[in-house]
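In our numbering, the protein residues as written are 1 to 297.
Hints are all accurate, no fakes.
Derived lysine to aspartate or glutamate pairs resembling EDC-like cross-links, with alpha carbons at most 20 Å apart:
no. : residue 1 : residue 2
1   : Lys125    : Asp186
2   : Lys197    : Glu215
3   : Lys197    : Glu128
4   : Lys72     : Asp186
5   : Lys267    : Glu215
6   : Lys197    : Asp186
7   : Lys125    : Glu206
8   : Lys197    : Asp133
9   : Lys75     : Asp186
10  : Lys239    : Glu36
11  : Lys239    : Asp45
12  : Lys75     : Glu206
In short, the hints are calculated from the structure, not lab data. Treat the numbers as computed from the prediction; the structure is a model and nothing was measured.
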Amino acid sequence: MSSSEQSIKDYFPIISMGGLILIVQILALFLSRPMEVNHMQTFEDPTQVSNSIYYILMILVFTLFVLLALRKNMKWAISLFIYLAIISTLYYVFFALFTLIPSLSGFEAIASIVLSMGITVLLYKYPEWYIVDIVGVCIAAGVSALIGISLSVVPVIILLLLLAIYDAISVYKTRHMVTMAEGIMDLKLPILFVIPKHLNYSFLQENFKPGEQREAFFMGLGDAVMPTLLVVSANAFIKSNGISYPVLGAILGTLAGHAVLSILVMKGKPQAGLPFLNSGVILGFFMGILISGASIM
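Produce the entire structure from the sequences given, and follow the hints as far as they go.
Printed below as a string of structure tokens:
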């Protein structure tokens with residue numbers, strides 16, 4: 001294999017993961033409009049900083065639930081919770097999309113329930129990597145759109161800063177995030193993206209035994225969702241004529257943060273993703289604010 005071919009092979013996972021994040025962000029922006037029109041916002045007042053604290057507490061409670069379930073060998077409880085969350089999120093995604101189709105008027109809810117349950121059953125029966133990735137993109141985009149239209153820019157930035165700090169502590173200090181990830185990887189749920197190292201790879205046959213070399217690259221869905229919150233929020237709450245530089249800056253900042261993160265990971269140094277991704281999207285967003293002259297308040 002030539003050096004150029006080896007270089008392409010080495011950087012393919014970085015480009016692919018970056019491409020998945022970009023797809024999530026574009027789809028989230030597309031979904032945010034029909035979700036706004038159908039009043040799917042979580043909070044009545046999206047400017048309240050306390051809303052960010054609410055999401056932090058939810059994440060902490062979920063983390064505690066997963067760690068306790070793993071300790072008591074109750075992985076079925078984790079699977080049940082996540083599958084219910086999958087059905088709910090897919091319902092919102094499809095409902096928002098179906099409202100754009102006039103011929104489905106009045107039947108959006110029924111069609112969304114049927115399709116959401118059907119895809120979840122397929123995922124349960126045959127969680128191959130490409131199905132996990134496709135469903136993961138839909139879930140990440142749906143969650144990002146729902147939360148992004150529910151929080152204005154300031155609460156989102158505060159949320160991203162707090163989550164970056166929490167991610168760094170949980171990966172580098174307490175390491176409970178690593179324990180949680182290793183404990184639920186074998187459930188083969190769409191809570192991560194999978195990029196195979198070769199065409200013959202099968203996620204179904206992945207055993208996730210400690211110490212064994214992985215035949216694919218993995219990235220948690222949260223690494224795509226969190227920076228996308230600011231992309232969606234900037235689009236929803238900062239008005240602009242023509243190109244929205246804050247939104248464009250946030251997207252480019254996310255990809256720049258992902259590139260730096262990936263370079264460090266490829267050097268064999270496991271890293272917490274959110275400190276890089278969240279700082280990248282925030283810096284890119286403020287660059288866009290400076291260029292456009294818009295206000296974040």
